[in-house]
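*Asks:* Starting from the given sequences, assemble the full structure and let the hints guide the process.
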Amino acid sequence: MKKALLIIALIPYAIVAQVGIGVTSPDEELHIGGTTSTIRIEALNSVNNINNDGVKLAPVYVDGNGDLTITPPNGTGGVPLNFLIDTPNFIPNNPQPLFFAGHQVSPGVVINNNIGDTVVEKFLQSVTFTVPQTAVVEVKYGVSVIISGSDLTIPAMSYITDNAARSIQTFFCFDINNDGLDATEKSNQYGQKGQFYASNFGGAGGYPYMNSQGYATLPPGTHSIHFFGVVGGSATNFTSVGIGGATDYLKMRVYN
Amino acid sequence: MSQMSYAQVGINTTTPQQELHVAGNASNVKVDGLNTTNNVDNLGPLSTTKVYVDAEGDLTLATSTRNVEIMYDHENYLEDVEDPTSIIVQTGWGFGYNPAGIPTDGLAAKFTLTKPAIIEVNYTVSWSIYKTASASGRIADEHARVVQTGIYFRQNDYLGPAVINDHDGNPINAGPWCIDMDGGGINCLEQAGLLGINGQFYNNSNAKRGEYKNFHTTASDYVKLGPGTYTAMFAVQLAVGSTVGTGAVRMYLGSGKDDLQIIAHYYD
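For the protein sequence lines, the chains are G and H, in the order given.
Count along the first sequence from 1, then add 700; that gives the number in my numbering.
Count along the second sequence from 1, then add 392; that gives the number in my numbering.
In case anyone wonders, no lab produced these hints; they're calculated from the structure.
Some clues are possibly wrong.
Keeping only pairs whose Cα atoms sit at most 27 Å apart, straight-line, the calculated BS3-like set for lysine-lysine is [unchecked claim]:
id, chain 1, residue 1, chain 2, residue 2
1, G, K756, H, K605
2, H, K649, G, K756
3, H, K507, G, K756
4, G, K893, H, K605
5, H, K649, G, K893
6, H, K442, G, K893
7, H, K422, G, K756
*Replies:* Below, the structure written as structure tokens:
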């Protein structure tokens with residue numbers, strides 16, 4: 701039977717099946733009637749709660765016990781995370797005293813696929829960053845590539861004109877807590893990007909870009925993101941690839 | 393009576409653990425002042441509405457605000473033309489971008505931010521490449537070419553000044569980038585902040601049967617922009633190691649379907 705609690709006595713507590721305030725036939729265990737009715741909870745006001753700044757409205761949540769709270773999800777930082785880490789030109793250009801076709805060549809990090817090699821992988825660059833709370837980290841990156849038939853580390857450059865296809869790949873991994881990239885972390889490869897190159901005459905100059913993205917959920921702490929490059933080709937051919945010699949970009953959006 | 397005072401109140405419980413404890417596996421609290429009949433900020437019976445507390449600690453609703461919003465979405469962003477507005481001239485080493493393509497929506501191809509946001513740009517842009525429009529007009533010199541695309545913003549409509557810096561005052565992607573290099577590859581005619589740069593190679597040896605159209609370049613990037621009205625535009629370069637003996641090579645941007653999405657992630 702529904703009861704309406706309309707007459708009050710000063711007792712420590714009351715127990716009833718349903719309570720109506722301003723309403724005689726409550727529809728829920730607690731039903732506050734009235735067209736402008738609300739509930740005031742002083743523990744959530746701006747005087748008593750640091751998550752209420754007294755200016756902006758504070759969103760209300762329930763915690764694991766069903767208690768109303770204005771502490772946001774994933775911590776006590778005050779507000780949910782949503783920020784951008786922008787690391788422009790994150791791979792050093794590594795300019796060299798090398799001019800080719802009238803332009804100075806900056807190879808970045810060079811990966812040589814020597815005679816006898818078919819696939820060569822090399823670490824490119826790492827960037828350290830901090831995540832204040834458990835959060836999704838969304839990575840978008842673009843890196844430049846330059847391709848040469850001569851060893852860019854000498855430095856030397858020439859067009860590849862043997863009409864044999866080469867593959868170029870990039871990817872990244874996360875080093876959780878920035879304590880060294882272990883085998884498990886290295887095996888989780890994100891943002892794979894690949895393309896091929898082949899030319900019979902002339903070859904391509906300039907710096908084409910490789911662009912990809914990936915997501916990961918990371919715990920609070922200081923971590924690092926590690927980029928790798930891979931160059932594939934026939935064991936009978938030599939290929940020298942410079943990655944990051946032009947202006948690269950790395951964006952990490954952190955949110956929860 | 394209209395007023396009461398308890399130390400603690402339990403509903404369906406004799407041992408309240410908070411000042412007001414509503415017990416029961418299916419228990420709930422109803423506040424008529426927050427329902428759709430009485431409160432214009434309630435989004436109605438088909439949706440839930442976020443609840444806030446104000447400075448006094450009173451439960452209240454507010455005009456719904458989004459954390460993420462699609463600002464612009466088009467399935468064929470650029471006009472499907474192959475004319476001077478979409479052409480890209482082949483350069484040698486790859487020293488120059490040039491602007492290309494006119495939005496299908498023309499001067500209306502813009503979006504307005506009322507507050508700062510992290511802008512996410514996702515695009516797929518089409519291109520075709522050939523020497524002449526004849527049946528044997530494909531490029532067949534077996535030279536590898538780089539086709540590279542990027543996106544930038546102009547203030548207001550597509551005729552407005554280019555945006556170089558982000559909302560924090562930093563040059564976008566370590567720019568400024570030259571988006572309009574003159575034919576000699578020496579003088580930059582216009583600068584902007586270039587985003588979502590991506591490239592791929594093209595090579596062909598059959599003048600009659602090589603594919604020359606419906607290629608697409610895809611990229612995604614972020615930039616922080618402040619309040620204002622913006623229009624997205626493209627800059628492109630077509631590069632080859634040496635132009636000697638290659639003849640006139642044309643590339644047109646936007647000749648097929650182009651997909652563009654501009655998404656605002658509000659962070660404040």
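*Asks:* Hint by hint, say whether it matches the structure.
*Replies:* Evaluated hints:
The straight-line distance between the Cα atoms of K756 of chain G and K605 of chain H is roughly 53 Å, outside the 27 Å bound, and the hint therefore fails. For a cut-off of 27 Å, the pair hint linking K649 of chain H to K756 of chain G is broken: about 44 Å separates their Cα positions. With a C-alpha separation of about 15 Å, the suggested pairing of K507 of chain H with K756 of chain G holds against the 27 Å cut-off. With a CA separation close to 23 Å, the supplied pair K893 of chain G and K605 of chain H stays within the 27 Å bound.
The hinted pair formed by K649 of chain H and K893 of chain G meets the criterion: a straight-line CA distance of about 23 Å does not exceed 27 Å. At most 27 Å may separate the alpha-carbon atoms for a hinted pair to count; K442 of chain H and K893 of chain G exceed this at roughly 40 Å. Of the supplied pair hints, the one linking K422 of chain H and K756 of chain G holds, its CA atoms being roughly 24 Å apart against a limit of 27 Å.
When held up to the earlier numbered hints, the structure conflicts with 1, 2, 6 and fits the remainder.
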